[in-house]
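Spelled out from the first residue to the last, the chains are:
There are 2 protein chains.
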Amino acid sequence: MEKLKVAVLGLGTVGSGVPLILKEHQEKISLVTGVEIVVEQALVRDEAEKVDLAKHYDIQLTTDYQEILSNPEIQVVVELIGQIEPAKTYIIQALESGKHVVTANKDLLALHGKELVETANKHQRDLYYEAAVAGGIPILRTIANSLAADNITCVRGILNGTTNYMLTKMANEGWSYEQALDEAQALGFAESDPTNDVDGIDAAYKVAILTQFAFGMSIDLADIDKKGIRGMSSDDIQMAQQLGYIVKLLGSSKKTNGSVSAEVGPVLVPADHPLASVQNEMNAVYVQSSGVRESMYYGPGAGAKPTATSVVSDIITVAKNIRLGISGHMFNSYASETVLTKDEDIESKYYFSVNVEDKVGQFLKLTQIITEAGASIDQLIQQKSDGKQARIVAITHLMTKAQMAEVAKQINRVSEFELVASYQVWTD
Amino acid sequence: MEKLKVAVLGLGTVGSGVPLILKEHQEKISLVTGVEIVVEQALVRDEAEKVDLAKHYDIQLTTDYQEILSNPEIQVVVELIGQIEPAKTYIIQALESGKHVVTANKDLLALHGKELVETANKHQRDLYYEAAVAGGIPILRTIANSLAADNITCVRGILNGTTNYMLTKMANEGWSYEQALDEAQALGFAESDPTNDVDGIDAAYKVAILTQFAFGMSIDLADIDKKGIRGMSSDDIQMAQQLGYIVKLLGSSKKTNGSVSAEVGPVLVPADHPLASVQNEMNAVYVQSSGVRESMYYGPGAGAKPTATSVVSDIITVAKNIRLGISGHMFNSYASETVLTKDEDIESKYYFSVNVEDKVGQFLKLTQIITEAGASIDQLIQQKSDGKQARIVAITHLMTKAQMAEVAKQINRVSEFELVASYQVWTD
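Here the protein sequences line up with chains A and B, keeping their order.
Per my numbering: the first sequence = residues 1 to 428.
Per my numbering: the second sequence = residues 1 to 428.
Quick caveat, the hints were computed from the structure, so don't treat them as lab data.
All figures in this text were calculated on a predicted structure; none of them were measured in a lab.
The C-beta atom is built at its ideal place from N, Cα and C for all residues, glycine as well.
It is possible that part of the hints are untrue.
Away from chain A, derived, C-beta distances all over 10 Å, residues of chain B [said to hold, decoys possible]:
no. : residue
1   : Ile21
2   : Glu24
3   : Glu130
4   : Arg141
5   : Ser192
Under the rule of at most 25 Å between Cα atoms (straight-line distance), these lysine-lysine pairs were calculated in the DSS-like manner [to be verified]:
no. : chain 1 : residue 1 : chain 2 : residue 2
6   : A       : Lys114    : B       : Lys28
7   : A       : Lys401    : A       : Lys349
8   : B       : Lys114    : A       : Lys320
9   : B       : Lys320    : A       : Lys320
10  : B       : Lys122    : A       : Lys28
11  : A       : Lys114    : B       : Lys320
Construct all of the structure, not just a fragment, from the sequences and the given hints.
So this is what it looks like as structure tokens:
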């Protein structure tokens, strides 16, 4: 059987999974593609490092990318180094050398996707990156193919496994933020510097890519409002639960009258909503559209084997395209002018959690602030007081993001108020 | 822009949705396919019937299928008549006349899929039927494309919206089976003869198609064990809830050592499992595989707009294939010899619910029956007695289907025992 030869850049956990999966499922893959896909070469930092793995799968190791670029037998380059450079240069050089590219690099796609897609297009090569968003969930291909007939209005998802694990433990076990972070780090979910996870940056990269697929719009990372879960109070999680909600960190992208707004932040999701049942490190993407109305895609967001499986499914697509002679078509062919929604046109319900000095008239004061911003309150609850301080929690009716900002500003102006949290409440 | 002309057979609720969605999303569809897709002709039973609709979308109505077959401008036939005949003949004639076919006909695909696929293959035409399984959920395309790199071990799903609606109401509102059925009929979910839904036949069709995609195996409908929810006791649903389970009607297909077993039946699903949160008429398919491990696909299983959207996504695929010159490739190219798993090799935990005469020694007797079958009990609970009769509920450890059948047989042999239910309990 004919061979399709692949080079893998980076033999880390995901990279090592690629030859494993190609071997394990060789029979089925050959049946579907008509070729045998093999990892021929791998780029590593140090040739001494992966000798056993290379021997086992008969992979030539190299520390010199030129050896891969100049090898005419290599038809596909799989980039799994991560970060921006040298990954970006390597991908561009691969495309310019006539090789197809598969990558799982969300940072790169979110920040430089347009340039990479244009380069692939120019050289009529394939560029696939299903694993960049929500690891094992085939959400990009689903949006590009199955929802092509549909008009997506909103995409919201649990896009970061680390923070979902932390929030699950805080909700189910009553852990504090610090406990949850320690445990996530001990389990290897969170890096020693958890910034990208807990501040919502990782999720924002994925939101940028989802926005390209769902709405055909390229959104700058700076235009995605990022609110993480850093330092989140477990009191608020418990409070939300009492009110019938589970707090989830959601990445969302929404279309309103042809414009788009994207953000990452904690959201109070109704306890009986499918997203609320997504536990621990699992991810899920919930899509609203005018045809199908609602659909959800659930699976592991990371992990060596799920991510490697997703990478291999992209390699299979490349293999099929080569065989059919249809390489070079865009993964996502939906493109539309990028227009951002104004804060005055973004609507949601909000949850405000405020520490107040425990004295008469605080309910009235908070109500006034919200009313003066033109919004109104649906639920208002005071939690137990320690005699000096009490916590007031308010859930509003629909209000705009601009009004929310105004309310937050006014709360912060009152010396005896401390705004602990202002989260979105799920709205359909 | 070039036009791709389509004929729709049957302008019922789904059929009427097709021109609607093609019109509503025309811009996006043209962007993705490079052509304008239009419904040119429609086959109806009575030309007087759909005059307004036809006028609105500029569709030629006909009662004579030959007019469509002999129209060289029609490139795609969309079959939405349902049932076996004349749908089957129409599809075969369309393929033989060189037209591509899209259908949502699950009965036909489950019973005659092999013949239809062979006909399409012979004439190098496209045959797509994404909407045949779980309406708005793109599960077939996901299995065929995104999970091609994976080794699926088990597919289980809530595949029938009517029964899921009924079970949701029985669980959440305490309705009886009869109440739930009445309401499902009043809402138009259930037919006046609900047999196909409540006896698990509808779900079994879908299981047959899922088995083809997940394992490449053609399973006869007769080889799918069908246990429905007809007459289900709400006591058992409440009992399951107390034990931490939600009862769902699942269609399942499982691979064990290269053989496959498929069945439809009520299953006790742990309350915190994602399938347990699938409420009302929604569907979901939960896939276990060696690479991605677990993933779930959730959405509407029926309904005019979701189903029509799915049909249009198939038409878009046909349009893309025509444009790329790659028509005639199989929707599902995974094929493997069909081998059925023996009942001795099918393992599950089971839930037995038994009405007993309320006297000493009944626990012992039931325990003996289960032990003698070579199985063992995990939980054993007696519900309140009315003085004469009590109900005993047992959940077993893993046992084989053959052992389960033996236990059921022995229980039925005891004159003071009445076996009310024997359901599977979810096992990973």
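So, going through the hints one by one against the coordinates:
1. Distance to chain A contradicts B/Ile21 as a non-interface residue, since its nearest Cβ pair spans about 6 Å, not more than 10 Å.
2. In this structure B/Glu24 is not separated from chain A by more than 10 Å, as the shortest Cβ-Cβ distance comes to only about 7 Å.
3. A beta-carbon of chain A comes within 10 Å of the beta-carbon of B/Glu130; the shortest separation is about 7 Å.
4. With a minimum CB-CB distance of about 5 Å to chain A, B/Arg141 fails to clear the 10 Å threshold, and the non-interface call is violated.
5. Distance to chain A confirms B/Ser192 as a non-interface residue, since its nearest Cβ pair spans about 26 Å, more than 10 Å.
6. Proximity of A/Lys114 to B/Lys28 is assessed by CA-CA distance (about 20 Å); at most 25 Å being required, the pair is judged to hold.
7. At roughly 9 Å between alpha-carbon atoms, A/Lys401 and A/Lys349 fall within 25 Å of each other, so this suggested pair holds.
8. Only pairs whose Cα atoms come within 25 Å are accepted, and B/Lys114 paired with A/Lys320 is accepted, the gap being roughly 23 Å.
9. Note on B/Lys320 and A/Lys320: the hinted pairing holds, with a Cα-Cα distance of about 15 Å set against a maximum of 25 Å.
10. Proximity of B/Lys122 to A/Lys28 is assessed by CA-CA distance (about 23 Å); at most 25 Å being required, the pair is judged to hold.
11. Distance check on the hinted pair: A/Lys114 and B/Lys320 sit about 23 Å apart at the alpha-carbon level, within 25 Å; holds.
Against the hints set out earlier in the document, violations occur for numbers 1, 2, 3 and 4.
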